[in-house]
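Q: Generate the whole structure from the sequences, applying the supplied hints.
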Amino acid sequence: MYSFLIVLLVSAGTLLLYLANRHQRLVKKPLTYLFKPVGYMFLLLGGVTALINFSVSAGVFVWLMLLMTTLFSIPLTVLLLKRGQ
Numbered sequence: 001m002y003s004f005l006i007v008l009l010v011s012a013g014t015l016l017l018y019l020a021n022r023h024q025r026l027v028k029k030p031l032t033y034l035f036k037p038v039g040y041m042f043l044l045l046g047g048v049t050a051l052i053n054f055s056v057s058a059g060v061f062v063w064l065m066l067l068m069t070t071l072f073s074i075p076l077t078v079l080l081l082k083r084g085q
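Using UniProt numbering, read the sequence shown as starting at 1 and increasing by one per residue.
To be clear, the hints were calculated from the coordinates, so they are not data collected in a lab.
Note that the coordinates shown come from a computational prediction; the quantities given were computed from them, not determined experimentally.
Some clues are possibly wrong.
[Said to hold, decoys possible] Now the in silico label distances, taken between C-beta atoms and shown as ranges:
#	residue 1	residue 2	range
1	V60	L80	28 to 34 Å
2	Q85	M1	20 to 26 Å
3	Q85	L44	33 to 39 Å
4	Y33	L81	22 to 28 Å
5	Y2	R22	30 to 36 Å
6	L26	S55	34 to 40 Å
7	R25	A58	33 to 39 Å
8	R22	L76	14 to 20 Å
9	T32	A58	34 to 40 Å
[Claimed, not checked] In silico DSS-like pairs for lysine-lysine, Cα to Cα no more than 27 Å straight-line:
#	residue 1	residue 2
10	K29	K82
11	K82	K36
12	K28	K82
Quick reminder that beta carbons are idealized off the backbone N, C-alpha and C, glycines included.
A: Structure follows, in structure tokens:
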């Protein structure tokens, strides 16, 4: 249950950070700068949830691996979707 919550929080945080960036290619106009702190808060909540759910070293490892995976997979997915159009 908490593992799914960790994945959801980290994915939502990364997606909000990506959509608030001016170089994003998913929507025509990026989100306002007010969504960046919300994205960082989601990432922080995902990290805290990982630390509560797992031991400290495993929680940090899981959080970093999810963060790395989402940080490269969201822009790559957008690139592949836009290339297919």
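Q: Now, for every hint given, state plainly whether the structure supports it.
A: Verification of the hints:
| no. | hint | in the structure |
| --- | --- | --- |
| 1 | V60 / L80: 28 to 34 Å | 30 Å, holds |
| 2 | Q85 / M1: 20 to 26 Å | 37 Å, violated |
| 3 | Q85 / L44: 33 to 39 Å | 35 Å, holds |
| 4 | Y33 / L81: 22 to 28 Å | 25 Å, holds |
| 5 | Y2 / R22: 30 to 36 Å | 34 Å, holds |
| 6 | L26 / S55: 34 to 40 Å | 36 Å, holds |
| 7 | R25 / A58: 33 to 39 Å | 35 Å, holds |
| 8 | R22 / L76: 14 to 20 Å | 19 Å, holds |
| 9 | T32 / A58: 34 to 40 Å | 36 Å, holds |
| 10 | K29 / K82 | 16 Å, holds |
| 11 | K82 / K36 | 24 Å, holds |
| 12 | K28 / K82 | 12 Å, holds |
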